[in-house]
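Student: Below, each chain spelled out in residue letters.
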Amino acid sequence: MPTTSAPDEHLRLEGIGVSFGAVNVIPSLDLSVRKGEMVAFLGPSGCGKTTTLRIIAGLNKPSRGSIMVGGRDITHLPIHDRDMGMVFQSYALFPHMDVSHNVQFGLQMRNVPAREAEKRAAQALEMVQLGHLAHRKPKELSGGQQQRVALARALVIEPSILLLDEPLSNLDAKLRDEMRVQIRALQQQSGITAVFVTHDQVEALSMCDRVVVMRGGHVEQFGTPTEVYERPATAFVANFVGRTNRLKGALTAEGILTGAGQQLRSATRLPAGAVDILVRPHRIRLQETGEADNKVQGTVSTITFIGDLVQYGVSVGGEEIVVEEATRRGRSPLAAGDSVTLGWSAEDTLIYPAGEK
Amino acid sequence: MSAAPALPRAWRDGQLAVLLLLPIALINAIGFILPVLNLARYSFNRSRIGGGIEQVFTWENWVGLLSDPFYLELVLNSVWISLAITLTTLVVSYPIALYLHRASGSWRTFLTVLVISPLLTSAVVRTYGWIAILTDDGPVVSAIKALGLPAPSLMFNIKGVFIGLTEILMPYMILALMAGFGRLDPRVEEAARTLGATPARTFRKVILPLTLPGIALGCLLCFVLAVSSFITPKLMGGGRVFLLATEIYDQAIVTLNWPLASTLSILVLIVFGAALWAYSAVLRRLD
Numbered sequence: 001m002p003t004t005s006a007p008d009e010h011l012r013l014e015g016i017g018v019s020f021g022a023v024n025v026i027p028s029l030d031l032s033v034r035k036g037e038m039v040a041f042l043g044p045s046g047c048g049k050t051t052t053l054r055i056i057a058g059l060n061k062p063s064r065g066s067i068m069v070g071g072r073d074i075t076h077l078p079i080h081d082r083d084m085g086m087v088f089q090s091y092a093l094f095p096h097m098d099v100s101h102n103v104q105f106g107l108q109m110r111n112v113p114a115r116e117a118e119k120r121a122a123q124a125l126e127m128v129q130l131g132h133l134a135h136r137k138p139k140e141l142s143g144g145q146q147q148r149v150a151l152a153r154a155l156v157i158e159p160s161i162l163l164l165d166e167p168l169s170n171l172d173a174k175l176r177d178e179m180r181v182q183i184r185a186l187q188q189q190s191g192i193t194a195v196f197v198t199h200d201q202v203e204a205l206s207m208c209d210r211v212v213v214m215r216g217g218h219v220e221q222f223g224t225p226t227e228v229y230e231r232p233a234t235a236f237v238a239n240f241v242g243r244t245n246r247l248k249g250a251l252t253a254e255g256i257l258t259g260a261g262q263q264l265r266s267a268t269r270l271p272a273g274a275v276d277i278l279v280r281p282h283r284i285r286l287q288e289t290g291e292a293d294n295k296v297q298g299t300v301s302t303i304t305f306i307g308d309l310v311q312y313g314v315s316v317g318g319e320e321i322v323v324e325e326a327t328r329r330g331r332s333p334l335a336a337g338d339s340v341t342l343g344w345s346a347e348d349t350l351i352y353p354a355g356e357k
Numbered sequence: 001m002s003a004a005p006a007l008p009r010a011w012r013d014g015q016l017a018v019l020l021l022l023p024i025a026l027i028n029a030i031g032f033i034l035p036v037l038n039l040a041r042y043s044f045n046r047s048r049i050g051g052g053i054e055q056v057f058t059w060e061n062w063v064g065l066l067s068d069p070f071y072l073e074l075v076l077n078s079v080w081i082s083l084a085i086t087l088t089t090l091v092v093s094y095p096i097a098l099y100l101h102r103a104s105g106s107w108r109t110f111l112t113v114l115v116i117s118p119l120l121t122s123a124v125v126r127t128y129g130w131i132a133i134l135t136d137d138g139p140v141v142s143a144i145k146a147l148g149l150p151a152p153s154l155m156f157n158i159k160g161v162f163i164g165l166t167e168i169l170m171p172y173m174i175l176a177l178m179a180g181f182g183r184l185d186p187r188v189e190e191a192a193r194t195l196g197a198t199p200a201r202t203f204r205k206v207i208l209p210l211t212l213p214g215i216a217l218g219c220l221l222c223f224v225l226a227v228s229s230f231i232t233p234k235l236m237g238g239g240r241v242f243l244l245a246t247e248i249y250d251q252a253i254v255t256l257n258w259p260l261a262s263t264l265s266i267l268v269l270i271v272f273g274a275a276l277w278a279y280s281a282v283l284r285r286l287d
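In order, the protein sequence lines correspond to chains E and S.
Heads up: the first sequence begins at 1 in the UniProt record's numbering, then just goes up one per residue.
Heads up: the second sequence begins at 1 in the UniProt record's numbering, then just goes up one per residue.
Just chain E, with the same shape it has in the complex:
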């Protein structure tokens, strides 16, 4: 039975499952996406994020469950009746048509009169700053330009949902940053509901209203970028979204004890037992002089200069803790072998039952 849905819900997945023979690729997936929001499916390859996207588009058939768009069940609707705009990782432009006809294709399929289709395609191309390339063939365009044509082609039909399958992974770093901003701007201008598949946490956190972190065909956490980063629901999420230190320890009546015997405090409540302790490298202060919830002594073992960051490897009772600090000019850097006092707060000490990956 459908649970209560948000009043502005647009897309809803209910018990979506995929099985190949006896293998459950996706056991059962529930998800609710609001109208006008951009949601990222984030996870490692093989987590089922692309399969789920393709199920929404109708390109893959779910073994069970249903898909609702705007309250209407579209589970058994053929692909061409679903009204989705999809941007493929490889762009999938029609190589035998020029840019303008690529963009017009969806309009032609909707039997829009030729002159109007041409006009709307020109507007869509103007929107992605490619109006001047309307008569080029796709192979004459750069990767970034092809990407924008694919975006224009998907948006011009004013689809009910925009689906993006790793759209930026074939672009170089600089172009990726530009396209990230541009796609987000276009999505917000048009107020379209969008689902964005990516394995890149930066894309997911920076572009999307909410992030679905997936693993092994199920949802690990569904929340805003801040929630996912600051309050990861599982150790997997903490590890996958952002860098983190991981220490073994035990939760006892007295508090948390690390393997090396230090006592730590955490804001998280858990039943007693073996735990994994996770702390983000940049939340640790390297030379703690004041009060801190958690203070440990260590020795600097490695120093790596990364440009905007300096990464220190600090050995604490036989375990290595990574600490990151912003590079500051004129500050005498530490040397390997120096003794340091690490400090961090209880809120930044995330604990999870041991063994969770």
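These aren't lab readings, by the way, just hints derived from the structure by calculation.
Some hints here could point you the wrong way.
Mimicking DMTMM-like on lysine to aspartate or glutamate, the simulated pairs with C-alpha atoms at most 20 angstroms apart in a straight line are [said to hold, decoys possible]:
#1 S/K205 - S/D136
#2 E/K295 - E/E254
#3 S/K205 - E/D81
#4 E/K139 - S/D287
#5 S/K205 - E/D83
Chain E is fixed; fit chain S onto it per the hints.
Tutor: Relative to chain E, chain S alone:
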């Protein structure tokens, strides 16, 4: 000696290329170009009774050929039947090639071997196979009779030649189509579907245009093979189907009129030239 290494290097590479191309150039010159030139020469010689060739220059063969309605009909007939066979072969081969293109793994390998396997037996054997199947008391005619329908005559007429040649040409067509299907990316088909194209419109607007290079190649290949096919029309036509290749055989071996046979052969070459021109025109338009 590093003064000018670039030029001698390029020159050496050029020499190597010539050296590597020489054997095939020689074989082609001796085995193909010379005989064709010889044929062209014979077509301007006069034939004597009993197979002799009179070494004079004459337009007789060409004039006779072009003014005789029998030969005009023969050429048109051959071209027309070959085109029809090519088209039929295309229609029956296209779905197979598309399926093979989309299949993957060992299933694809197995099916590809299955498609190619007819080429392991000679066209003669396969033609006799078709004769056994299509003959008046063969399985096909018997089955039609058993259904109470009037028995068709499928052997020793154009129908038999048509059926036999279509099957014999299918492996070539399928291989040529598959070779030309490279541009067909499944993602592009999916893109068309998500943009609202029904399967039929996806086929017409995306799959068909993208597979045209393969279609053109397959049609050229099968048309050329059909026009020049000899064994199948000879055996299955039972002497009642007159095509260019069989007529050349009859003129050269039965009537011993080599100049006329040569003239017909050159005519076939001209037809091939026209087919090649049409093919490259299609490719130019696609580009």
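Student: All the hints need checking, so say for each whether the structure fits it.
Tutor: Results for each hint:
| no. | hint | verdict |
| --- | --- | --- |
| 1 | S/K205 - S/D136 | 45 angstroms, violated |
| 2 | E/K295 - E/E254 | 16 angstroms, holds |
| 3 | S/K205 - E/D81 | 17 angstroms, holds |
| 4 | E/K139 - S/D287 | 12 angstroms, holds |
| 5 | S/K205 - E/D83 | 19 angstroms, holds |
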